[in-house]
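**Student:** Residue numbers (the numbering used here), protein chains in the order written: chain A, 53 to 240; chain B, 8 to 184.
Simulated from the structure, these hints should not be mistaken for laboratory data. Model, not experiment: these values are computed from the prediction. What you were told as hints is all true, and nothing was included just to trick you.
Sample of chain A residues with no beta-carbon within 12 angstroms of chain B, all distances over it, derived:
#, residue
1, SER79
2, PRO124
3, LEU134
4, TRP142
5, ASP206
6, VAL207
7, ILE224
8, GLY227
9, ILE235
Here are the in silico distance ranges between beta carbons for each label pair:
#, chain 1, residue 1, chain 2, residue 2, range
10, A, ASP80, B, GLU130, 26 to 34 angstroms
11, A, MET202, B, PRO160, 42 to 50 angstroms
12, A, GLU65, B, GLU47, 29 to 37 angstroms
All residues carry an ideal CB built from backbone N, CA and C; glycine is no exception.
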Amino acid sequence: MSKEQDQLRRRLERATAAEFTADELPSDAETALLREGWVALGQLLETAYPAGEQPLDLPSLPSRKTAAWRNPAVVAALVASLLVVATLAWSLMSTDGPGNPHQIVDRENGTTPTVKKESPLPDSDTVPDSDVPEPDELQWDDSFDEQLAMAGEDVIRIQEDWYGLDDAFGPIEAGLKQIAEDIESDSL
Amino acid sequence: MTAQSRHSQDQQRFAQWGHQHGQAVRGYLLAMVGRVDVAEDLTQEVFARAWQARRRYREQGYARAYLLRIADRLVFDRQRKAGREVTLDEENWKRIEPPARTEDPSQTLARTEAAKELTAALEQISPAQRRVLLLRYYGQLSFSEIARIMECPISTALSHGRRGLLTLRKLLVENMP
Chain A
53 MSKEQDQLRR RLERATAAEF TADELPSDAE TALLREGWVA LGQLLETAYP
103 AGEQPLDLPS LPSRKTAAWR NPAVVAALVA SLLVVATLAW SLMSTDGPGN
153 PHQIVDRENG TTPTVKKESP LPDSDTVPDS DVPEPDELQW DDSFDEQLAM
203 AGEDVIRIQE DWYGLDDAFG PIEAGLKQIA EDIESDSL
Chain B
8 MTAQSRHSQD QQRFAQWGHQ HGQAVRGYLL AMVGRVDVAE DLTQEVFARA
58 WQARRRYREQ GYARAYLLRI ADRLVFDRQR KAGREVTLDE ENWKRIEPPA
108 RTEDPSQTLA RTEAAKELTA ALEQISPAQR RVLLLRYYGQ LSFSEIARIM
158 ECPISTALSH GRRGLLTLRK LLVENMP
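Based on the provided sequences and hints, a complete structural model is requested.
**Tutor:** Okay, here's the thing in structure tokens:
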């Protein structure tokens with residue numbers, strides 16, 4: 053900053069100081085002129101828009117969102133889902149009996165069975181875009197919590213899909229049971 | 008520190024900002040746009056944006072300068088979108104008066120007259136001069152801070168301040184009956 057600029061800065065800072073004591077009276081004509089303009093502006097602003105007249109209503113803040121993974125119900129759902137998935141995996145790997153609907157045995161060749169796996173996970177490509185929530189900039193931006201919350205929601209969705217799958221197999225199982233009973237009772 | 012306590016601390020600081028700087032931000036906006044309803048909306052917007060960007064603020068410093076910088080950007084954006092300066096005409100002035108307010112009629116009259124005079128005077132100086140003077144008045148910012156907010160050299164900010172004050176003095180002091 054040049055000397056002239058520095059002088060102008062000091063002059064302006066003095067002329068526009070909020071408080072102006074007697075010791076700081078304008079030392080030169082230009083500062084006095086600037087001060088007069090500043091005082092006139094301040095008086096008009098004070099009169100036209102008096103400060104502190106009305107309480108300021110601040111926008112309501114988003115409350116801290118409780119992370120979904122901290123919810124006991126979500127934790128229980130997560131554990132239950134893991135158990136279901138583990139049981140399903142175990143049954144697929146260890147059982148090759150006719151009761152297993154997931155196995156198709158090549159009876160003609162009598163060789164290695166082909167396992168048709170049915171994942172309860174929905175295909176990510178088939179999830180419509182509209183299911184993806186719009187990002188909300190006002191929400192809490194703790195990405196770790198958000199990821200955990202999303203994982204919890206995924207678990208719930210998987211569980212719902214699994215129950216849906218269970219319902220689909222229900223009538224088949226009931227039909228097979230009925231046939232077995234009919235065979236046993238020679239009613240066929 | 009847990010996320011919960013950090014959030015609570017943020018909320019406390021936010022409330023404190025509203026208490027300490029809310030009037031200054033609103034005053035600046037009101038003087039810049041000349042309409043109570045717009046100034047109120049923009050004030051809300053300033054605090055909403057400050058809340059969104061509160062993490063970035065921690066590395067800066069002076070809260071009022073930070074809030075006024077946001078306010079200044081909002082006014083600038085608004086005026087750019089509008090494509091013209093917003094002035095306080097007779098129609099707009101009616102909006103300044105909330106209908107339910109109980110105020111001494113003489114005070115109302117004085118305020119009305121002052122607002123008209125102020126608007127007329129502020130229209131006589133350039134938008135940049137207005138920004139410098141109002142940022143100085145409401146924010147009590149140094150000229151280097153004002154230059155930073157306006158993204159101009161300090162010499163430019165000083166020049167705007169000087170010319171603006173001399174023009175206002177001429178209008179408000181010399182021309183007084």
